[in-house]
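Q: Each chain is listed here by its residues.
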Amino acid sequence: MTALLAVGAVTLGTLGLGAWGVRFVRTTSDLLVASRAVTAWWNAAAISGEYLSAASFLGIAGLELKLGASALWQALGFTAGYLALLLFVAAPLRRFGSYTIPDFAEARLRSPRLRMLAAAVVIVIGCFYLVPQLKGAGLALNVVVGAPYWVGVFVVAAIVAINVAIGGMRGITYVQAFQFWVKVFAVSVPIIVLLIHFGGLPGRSALFGDRFPHAGRHGLTVKLAAPQQVDFPAAGSFTAGGHRYTVAAGRHVTLPAGRIRLPPGGIVPMANGIPPERGTEWSRPVGGSGEASPLLVYSLLIATFLGTMGLPHILVRFYTNPDGHAARHTTVRVLSLLGLFYLFPAFYGALGRALTPQLYVTGQTDDVVLRLPQAAWPGPVGTLLGALVAAGAFAAFLSTSSGLLVSLAGTLSHDVWPRVTRGKPSGVATRRRWFRIAAVGAIIPPAALGLAAQSVDISILVGWAFAIAASTFCPMFLLGIWWTRLTARGAAAGMVAGMVIATAAILTGLAVGEPDTGAGALLAQPAVASVPIAFLTMVVVSLRDPRRLDPAAEMLALHAPEGLGLRLADESAPSGDLVRNV
Amino acid sequence: MSTERRLPRPRLRTPRDELADSTAHGNVYLRRLRRAQLSLSLMALVAFGAVFGVLPIALYLLPHLHHTRLLGIPVTLWILVIPSSPVFIAIGWIYARRADSLDAAFRDVVER
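Quick mapping for you: the protein sequence lines, in order, are chains A and B. The opening residue of the first sequence carries number 1 in this note's numbering; numbering runs sequentially from there. The opening residue of the second sequence carries number 1001 in this note's numbering; numbering runs sequentially from there.
Here chain A stands alone, though its shape is the one from the complex (with noise of 0.2 Å):
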């Protein structure tokens, strides 16, 4: 109840400063990208806050406590890709001034079909991301309420939906940045407390020692919902139905529906997937195969760290600082924001492996952020922690979802729509009403994808995201903003071998299932591959492309700083200085 109480707080404060939002909106300009004028330490805040998704709140934690300290990678990737940003990408990119990614393909490359390309991708990124925090969502609600899967599911995408119709982005904003101050608050309170509470990490045997995870003093009940199978790393026994059932190392069992018992001190025994690790491999952040090899940790912070930049989100929001330099300066302040953030999930994975190791048993290790306060610490604390926990993990799924939700929305209404209607004019009033359009339709197809990805881990459905974009955006913005000879021809090309390798190697890991092996790692996470096949091809068809163009105006516009009066977005300066006659 109290849980349920908290995440309703969290909701309508969102739909409330949304709401409040909608009063300034007055343009679409305004409901793409605010006004362009949001101190940096607002919109630091808000990138931040639109970045922290289900991933970073459920995903770390519960891949962490599914897979060891190997996860802990992921972390580290999400915040370094803010600073492949700010490097490269975040003073140019401002500068260069358009709203979004399809903008930019086109206006440097002078492409309309490339943007259309570009459109396509924003799109495909934006569902692969929005799907992992409906799952979430779902989760979430299944834990606070007991509601089914689908209706945490469903109520999520119409909070979103309906939010980014009336709100736009202009009252986003605030949203956002209130909402990374909530997150911040979520995570690190409930864990702080337990770890006073436990006087630092307990169950440490089976974190760093040579333990597999087993019951409490008291035993370890489990209520399953369907039957389940499950393999005993070593010698144990469960009780169901009113039998004693002992199991020898090395067993694999299915565990019938209902109640099941485990014995205080007893093995519990792992559900499908889970590979069973004793204490010292699993605090292992790096060695052998499987998921801590070092190619599949290579790969994934490439993945994380050239992926950012490519998110559609993320750049958007870039715009709302005034100029290149307030760019930069908001990003330092995003890598230091984020770097608060991080600190905090390891320890829940930590606790969790050794307060809820029913979670191995059900195999649903995404919950435990989720589950852990109050299976660590009963009774009114561990449920007013419990829905703290609730409460952010809603913030996270409502400020990413949001953010994405306007992205794809504003490709669909402002690049796709008007080659639909093949540009005949249309005043505010009727764009405004198909980003309202688009924006109930885009959550249409990630919300069904997100009832059918019910089994994958949340953050294993995040890493696809980012190597899909690490694979398409990263190198059209690098080579883009840095390489004068990048031709519309190059980009696309690039585009479509990095976009068609990463998604084949994904399904294909799919279909194959674990990565036990280099080959299953690099199908797992394909970035280490697809990245620098993407940047080859575009060097290489853009440098044998007979239509050379000459983008010195666009090489002005991505570098010169302002202030100078050479540039159309300079305050300082009469519009139209770009090609002034003197």
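Calculated from the structure, these hints are not laboratory results. Hints should not be assumed to be uniformly reliable.
[Said to hold, decoys possible] Computed footprint of chain B on chain A; a stretch qualifies when at least three of its residues, placed anywhere within it, have a C-beta under 8 Å from a C-beta of chain B:
id, stretch
1, 194-205
2, 215-221
[As the list claims (entries may be wrong)] Sample of chain B residues facing chain A (criterion: CB under 10 Å; computed from the structure):
id, residue
3, A1050
4, I1057
5, L1080
Virtual Cβ for every residue (Gly too), placed ideally from N, Cα, C.
Given the coordinates of chain A, work out where chain B should sit on it, guided by the hints.
A: Quick look at chain B alone, frame taken from chain A:
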């Protein structure tokens, strides 16, 4: 201040004019700025790579590190969780200041 000085007419062409007309000269100024910015970014990237690019392989090649404990927690985990963001912020902050000063130097040249 150069803005207060009246230039004789017909006025001399300034670097700003060269840039605005995107003449060969103007392009040279801009290319110099772009290359300076790019090499600054690449230097920052190398600094980042030297710290974090080698971290996975270093931890892989030094498994003993994992058995060393600090306050009961393996040193490898401390390395993974704690120092990343201060290093990121330091690299980012130094980079942003240098990038701004490159821009300022360019502004001085153009407004000369």
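Q: Compare the structure with the hints numbered earlier in the document and write down the numbers of the violated ones, lowest to highest.
A: 2 and 3
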